[in-house]
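Novice: The primary structure of each chain is shown beneath.
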Amino acid sequence: MRGVSRSFGRTPALRTVDLDVHDGEFMVLLGPSGCGKTTLLRTIAGLERPDAGAIAIGGRDVTSLAPRDRNIAMVFQSYAVFPHMTVRANIGFGLRMRRTPKAEQARRVADAAALLGLEALLERFPGQLSGGQRQRVAVARAIVMDADVMLMDEPLSNLDALLRLQARADLKRLHGEVKRTTIYVTHDQVEAMSMGDRIAVMGDGVIVQCDLPMAVYDHPATQFVGGFIGSPPMNFVRGAMSDSAFVAEGVRLRLERPPRAGGEIVMGVRAEHLRIGAEGLPADVLVVEPLGSHALVTVRVGGVPVKIEAPVDIGLRPDERIHVAVDQARIRWMDAATGTAIR
Amino acid sequence: MTTGRMSVRWRDDALPLALLGPAVLYLLLLIVLPMVQALVLAFQGDDGTFTLEHLRRMTGDVAFRDAIRNTLVLLILIVPAQIVLALVMALLVHSRIRGHEWFLYVYAIPLAISDLAAGILWLSVFTQNGYLNTVLQALGIIKEPIVYLSYENIAMVIGAIVIAESWRATALVLVILVAGLQLIPRDYFEAADLFGASRLRRTVHVVIPLLRPSLQSALIIRTIFAFTTFAAVFALAGRNLPVVAGEAYNWSVVARDPHVAAAYALVLLALAGAMTMVYLRVLGTSETQRAR
Chain A
1 MRGVSRSFGR
11 TPALRTVDLD
21 VHDGEFMVLL
31 GPSGCGKTTL
41 LRTIAGLERP
51 DAGAIAIGGR
61 DVTSLAPRDR
71 NIAMVFQSYA
81 VFPHMTVRAN
91 IGFGLRMRRT
101 PKAEQARRVA
111 DAAALLGLEA
121 LLERFPGQLS
131 GGQRQRVAVA
141 RAIVMDADVM
151 LMDEPLSNLD
161 ALLRLQARAD
171 LKRLHGEVKR
181 TTIYVTHDQV
191 EAMSMGDRIA
201 VMGDGVIVQC
211 DLPMAVYDHP
221 ATQFVGGFIG
231 SPPMNFVRGA
241 MSDSAFVAEG
251 VRLRLERPPR
261 AGGEIVMGVR
271 AEHLRIGAEG
281 LPADVLVVEP
291 LGSHALVTVR
301 VGGVPVKIEA
311 PVDIGLRPDE
321 RIHVAVDQAR
331 IRWMDAATGT
341 AIR
Chain B
1001 MTTGRMSVRW
1011 RDDALPLALL
1021 GPAVLYLLLL
1031 IVLPMVQALV
1041 LAFQGDDGTF
1051 TLEHLRRMTG
1061 DVAFRDAIRN
1071 TLVLLILIVP
1081 AQIVLALVMA
1091 LLVHSRIRGH
1101 EWFLYVYAIP
1111 LAISDLAAGI
1121 LWLSVFTQNG
1131 YLNTVLQALG
1141 IIKEPIVYLS
1151 YENIAMVIGA
1161 IVIAESWRAT
1171 ALVLVILVAG
1181 LQLIPRDYFE
1191 AADLFGASRL
1201 RRTVHVVIPL
1211 LRPSLQSALI
1221 IRTIFAFTTF
1231 AAVFALAGRN
1241 LPVVAGEAYN
1251 WSVVARDPHV
1261 AAAYALVLLA
1271 LAGAMTMVYL
1281 RVLGTSETQR
1291 AR
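Which chain is which? The protein sequence lines are A and B, in order. Just so we're aligned, residue 1 is where the first sequence starts under this note's numbering, counting upward by one. Just so we're aligned, residue 1001 is where the second sequence starts under this note's numbering, counting upward by one.
I should point out that these hints are in silico values taken from the structure, not numbers from a laboratory. Note that the structure is a prediction, hence the values are computed from the model and not measured. Backbone N, C-alpha and C define an ideal beta-carbon position, used for all residues, glycine too. Where hints are given, some of them may not hold.
[Claimed, not checked] Quick partial rundown of chain B residues pointing at chain A, CB under 7 Å, derived from the structure: (1) Asp1012; (2) Asp1013; (3) Ala1014; (4) Gly1048; (5) Phe1050; (6) Tyr1188; (7) Asp1193; (8) Gly1196; (9) Ala1197; (10) Ile1208.
Go ahead and model the full structure; you've got the sequences and the hints to work with.
Specialist: The structure is reproduced here in structure tokens:
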């Protein structure tokens, strides 16, 4: 994708987006609602026309082609499984429309059904299926197509939490087996982290960062990315440098390797890189949330609340005064004005 | 306390009844009561006893067989033509081609005209000195005016009625189908596009099946209306083309025999009822195939 733009009225949905997806890759488009990720996916599908820019699939320019001429397949958020057709007819719909020989249709539908565990349901109508089963029919209908690109628009968002976990693992396994180039839209950062080969984080109609999941997690390109990825999101403390120490309201942290930056900066650090102990920055406990494997402790450092991952048996109570040590190697610095990372 | 709770429960029960009331009253007074009256009229002799005399008079009438045949012929010609026409128009309205938002308004204009007025309007087109002859003469296509609406040329008369009725009432079917199309989620259209369906195949394989409930309603309503057509028929053909509804009117108003008129009305009821059953049976969607 090169310089793809799209506006609705005067509202820009996509602002000159560039994106390269490798062959066989599982690319996740991640962002909050309204960031343009679904518009981008629909533009790749040909369901939206870009105002500017070009889209190529496997070296073939498809920008002006109709959806059916792009050799793509898609799983819709609503599944859009046809209610008047059996599961078998639904899965085979694309093959029928492309006038694939009957015998080959039957064979490929059977393969796709087996891959998604739908063999026993082939003669049912969608109205007789559960949400999870319908979701699998939608995936089977797409996978049977042997398309160059598989597009998925939040395919798990209509499933309940437990089923979503299962379906997430199933989709990842499926991609591992068929190695189809996939572009997957979600607003769920856990889904993005667990499934994506790479993640393109979108905000306000642009791709803010596109990298491996752990790279996006460890080195967020902006404050927005750090705040969006990870649960809990990254902690941010706004302040300035003074004599190789970071100074903020009620905070003075002497740094081993101070960042090369003047003016207002933001310190970003994740909950698991903070440790509650005998020394460090003074803080007051606000809330302790035991989460089973660990506890999430929210404390006030200077003026801002900060979340810390602590052992579940930490035994703290609200209003207790503690000290927080920072793993200095894991601190990320950002420009306070622009939000971009300082490297 | 007890009375308070009881009054609440009474209100809970009363509200739905109160809301249903007007509709039930309307149906009772204007549908059920006349139906019962017609039934009584059709089978009641002068002395108040049960008789098949009126039915016999009806079936023995010269116009009876013709009326039934003509009614069915008009039905078979008008209803499918209107459904196809309305479907094409509905798809045009629903498509996003330039000016699509105007189609519906233009198409719907004839709906505002009464059927008798529509009949007279088309009479002024087809009559001997009507617009059609004037235009054809002016263009030099014909020398002498053609008599379209003559009992010697019954096919032409039927053609004129079919045109007039289609012009007048297709929009009714159209409105139902456009509403039905708008109920179909856009995802189904897009999924069909994406998985390789051409516009035509998308319409045949996806849109029409999903439109089936609306098509069924449109067919039933349109068929019942087609059975009762007679104003346009009267305007264009007079009594050259007897139809069932027209005969009922005739027996009631001209011959002043409400018993035979009621018998005709029962024939209409039976025909309309039978056709509705057929539609429900043939086009009925089973629970499992319905979209959620």
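Novice: Work down the list of hints and note, for each, if the structure agrees.
Specialist: Evaluated hints:
1. Proximity of aspartate 1012(B) to chain A is violated relative to the hint, the smallest CB-CB distance being about 32 Å (cut-off 7 Å).
2. Checking aspartate 1013(B) against chain A by beta carbon gives a least distance of about 33 Å; that is not within 7 Å, so the hint is violated.
3. Annotation: alanine 1014(B) was flagged as interfacial toward chain A, and the flag is violated, the nearest CB pair being 36 Å apart, outside 7 Å.
4. Below 7 Å, beta-carbon pairs count as interface contacts, and glycine 1048(B) has none with chain A, the closest being about 55 Å; its hint is therefore violated.
5. Look at phenylalanine 1050(B): its Cβ only gets to about 49 Å from chain A, farther than 7 Å, so that hint breaks.
6. Evaluation of the tyrosine 1188(B) hint against chain A yields a held restraint, the C-beta minimum of about 5 Å falling below 7 Å.
7. Checking aspartate 1193(B) against chain A: minimum C-beta separation of about 5 Å stays under 7 Å; hint holds.
8. At its closest, the beta carbon of glycine 1196(B) sits 4 Å from a beta carbon of chain A; the interface hint therefore holds under the 7 Å criterion.
9. A hinted interface residue such as alanine 1197(B) counts as satisfied when its beta carbon comes closer than 7 Å to some beta carbon of chain A; here the least separation is about 5 Å, so the hint holds.
10. Given the 7 Å rule on beta carbons, the hint for isoleucine 1208(B) is violated: about 10 Å separates it from the nearest Cβ of chain A.
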